[in-house]
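**Student:** Read off the chains here:
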Amino acid sequence: MSQTAVRNLGPATALTCRECGESYDLGARYACELCFGPLEVSYDYSQVSRERIEAGPRNIWRYRDLLPVPSNVIDTPNTEPGFTRLVRADNLAESLGVRSLWVKDDSGNPTHSFKDRVVAVALAAARELGFKVLACPSTGNLANAVAAAAARAGIRSAVFVPSNLEQQKIVTTAVYGGTFVTVDGNYDDVNRLASEIAGEQEDWAFVNVNVRPYYAEGSKTIGYEVAEQLGWRLPDQIVVPIASGSQLTKIDKAFQELIKLGLVEDKPYKVFGAQATGCSPVAAAFKAGLDVVRPVKPDTIAKSLAIGNPADGPYVLDAVRRTGGAVEDVSDEEVVDSIGLLARTEGIFGETAGGVTLGSLRKLLASGALDPGAETVFINSGDGLKTLDAVAAVAKPSANIAPSVDAFRKAGLV
Amino acid sequence: MSSISVRIPTILRNYTGGESEVSASGATVREVVADLEASFSGIAARILDENGKIRRFVNVYVGEEDVRFADGLDTATPDGAQVSIIPAVAGG
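From first to last, the protein sequence lines stand for chains A and B. According to numbering that gives the first Met the number 0, the first sequence is numbered sequentially starting from 0. According to numbering that gives the first Met the number 0, the second sequence is numbered sequentially starting from 0.
Heads up, a few of these hints could be off.
[What the hints assert, rightly or not] Now the stretches of chain A that chain B is said to cover, found in silico as 3 or more residues with beta-carbon under 8 Å:
1) 35–42
2) 184–191
3) 308–319
[Stated by the list, open to error] According to the in silico footprint, chain A covers these stretches of chain B (three or more CB under 8 Å from chain A):
4) 9–20
5) 60–71
No lab work stands behind these hints: they were computed from the structure. C-beta: ideal position from N, C-alpha, C; glycine also.
Same shape as in the complex, but just chain A:
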């Protein structure tokens, strides 16, 4: 890709290595040439104010002054994700003995997961950087989001997923009509393959590989929205699922930015991470007091979180420890139980990742790590309709009866 053109990426000014601090011009790069460390977008935030945000559209572009996207991003076709519901979960709070509990329900996005946020930012940046194809390795939700965003933008998509993915996520990707490849391997295998293909196909934007510095910034919008929807203030505690760890670190980054910009009051908050025990390398490192994450081979029903070698694992540990949080993990049985609890108490059908997050929240409450008297937000990052198999065995009709009032009476339902 050409590195010479002047980029219009809004407030973004440079890419900076998180590890060694080396700085680069904005462009199609994602790893530091000196140490392979991850690159982060640097900004000039002189334009930002509550008034400008509140005057913006009811989607993530209300925060465009805080994102690495062209200032005219709202004029190009995109899925317009974000500004999902922040649900006051009083029934669930009562059942758990918690004073104040909120669900950030990101199943309300256009393809029913938080991935629409990151993909929209990646698409806008990829266009500006001259890429022709929108691509990704995915555990499913990202596949949906990339295929849909590319269709809406009128460009080609190329999506790679593990072949053992849930059937719902296969169908909800294939329907958008891009190039869609199932790979005989786990997500980490697919991720490696995508990294190698990205080195060959120079006009393919793998959103979470060679465009990852821009893509990942999209998750900040979850943090911005939570604060704005609480009336421009931060919660005391937030529980976030961990796959690569990017969502958690970017929500923390969003809170830090809002404090620095004076958009919210500076106050302490704690960030908690949630994993499935069958893929819990970050939780294991946290519990062992380590600052490196040892990769694992995933084995869990929470496939959207089944990344055995999480790229941002070390930074999750930093954020969680800095804020006084923790990382917890739960069994597949606990995941299924929590999917049911959220559905029964609040009418929200979360996917397995939502079950992981609520399950971990419950475990953190039981251990005393979470304060039941403090205001708590947790993320439901996707829609239960995409992971039906997880609950099919326990979510069943109350009865099957003949079409007669007599049969109804005999069924003992009243």
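Fit chain B to the supplied structure of chain A, relying on the hints for placement.
**Tutor:** Just chain B, lined up with the frame of chain A:
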């Protein structure tokens, strides 16, 4: 001597004259990296840290196996093996 094919990531191709795949020899990943260094001076310091370990944000594969799941730099590289060096910061 064994013949190993090594896939070079984009950000190291300035060492290999733009080549995305080069030949090297060696019975282990450690020997392959040393042989790469003999051909492309400076490349080993990009792959290994100051203690001689694989950098935190570099993944090395022999075939499809992440060497961190095998014997690290001592992982065997049989004749004809494919070694891939890949930036680790990807995915999710």
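**Student:** Against each hint, give a clear statement of whether it holds in the structure.
**Tutor:** Structure-based check of all given hints:
Counting residues of the stretch 35–42 of chain A whose CB lies closer than 8 Å to any CB of chain B gives 3, so the stated coverage by that chain holds, three being the minimum. For the stretch 184–191 of chain A, the assignment as covered by chain B holds, since 6 residues bring a beta-carbon within under 8 Å of that chain's beta-carbons and 3 suffice. Coverage of the stretch 308–319 of chain A by chain B holds in this model, with 5 residues showing a Cβ closer than 8 Å to a Cβ of that chain against a need of three. A count of 3 residues in the stretch 9–20 of chain B with a Cβ less than 8 Å from any Cβ of chain A is obtained; the coverage claim is therefore met, three being the minimum.
Figure legend: the stretch 60–71 of chain B, annotated as covered by chain A; annotation consistent (5 residues with Cβ-Cβ distances under 8 Å, at least 3 required).
Every hint from the earlier list agrees with this structure, and none is contradicted.
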